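Novice: Position 31 of the sequence shown, counting from 1, maps to 31 under the working numbering, and the rest follow consecutively.
Incorrect hints may have been included.
Okay, the calculated beta carbon distance ranges per label pair [what the hints assert, rightly or not]: (1) Phe42 with Gly6: 16 to 22 Å; (2) Ala17 with Gly74: 34 to 40 Å; (3) Arg15 with Phe55: 25 to 31 Å; (4) Arg15 with Asp69: 31 to 37 Å.
None of these hints come from the bench; they were simulated from the model. None of the values given here were measured: they were computed from a predicted structure. Cβ coordinates follow ideal geometry from the N, Cα and C atoms, glycine included.
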Amino acid sequence: LSVCQGAKAFWFGVRWASGHVSGMLTIGIVLSLLSWRYPNVFETYEHYADYFIGFLLMMFGGYFLYQMDRNFDGERNLKSGSCGCCNQTGDDPAETEAGASERSPLRPKPRGTNSVR
Numbered sequence: 001l002s003v004c005q006g007a008k009a010f011w012f013g014v015r016w017a018s019g020h021v022s023g024m025l026t027i028g029i030v031l032s033l034l035s036w037r038y039p040n041v042f043e044t045y046e047h048y049a050d051y052f053i054g055f056l057l058m059m060f061g062g063y064f065l066y067q068m069d070r071n072f073d074g075e076r077n078l079k080s081g082s083c084g085c086c087n088q089t090g091d092d093p094a095e096t097e098a099g100a101s102e103r104s105p106l107r108p109k110p111r112g113t114n115s116v117r
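Generate coordinates for the entire structure from the input sequences, incorporating the hints supplied.
Specialist: Structure (structure tokens):
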């Protein structure tokens, strides 16, 4: 995102981080206030939050596996770039070779094919 949009992407990141921190701050304040009345509230929250996060990670993994054929071809190469400015058509063999390692992170490049060490 930042490669293509510069300052716009930076301020988007600042807004995202502010929202993330404000959510964490809200949960922290609520748990701190509850801990005065219920001393084990942090341990209970942690216990259930761990299960919830584990469930979410399994759902993300399942979704990725379910959608994998939409984003990767049979050889695990990306079907398209991550954004419009990075999209490579593959028409130029030099362009395809230069961007091959970036487009296929799941398949390591064979040894001895790097031109720069």
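Novice: Run every hint past the structure and note whether it holds.
Specialist: Hints versus structure:
1. Phe42 with Gly6: 16 to 22 Å: violated (41 Å)
2. Ala17 with Gly74: 34 to 40 Å: holds (39 Å)
3. Arg15 with Phe55: 25 to 31 Å: Distance hint for Arg15, Phe55 holds at roughly 28 Å.
4. Arg15 with Asp69: 31 to 37 Å: holds (34 Å)
When the structure is compared with the earlier hints, a violation turns up for hint 1 alone.
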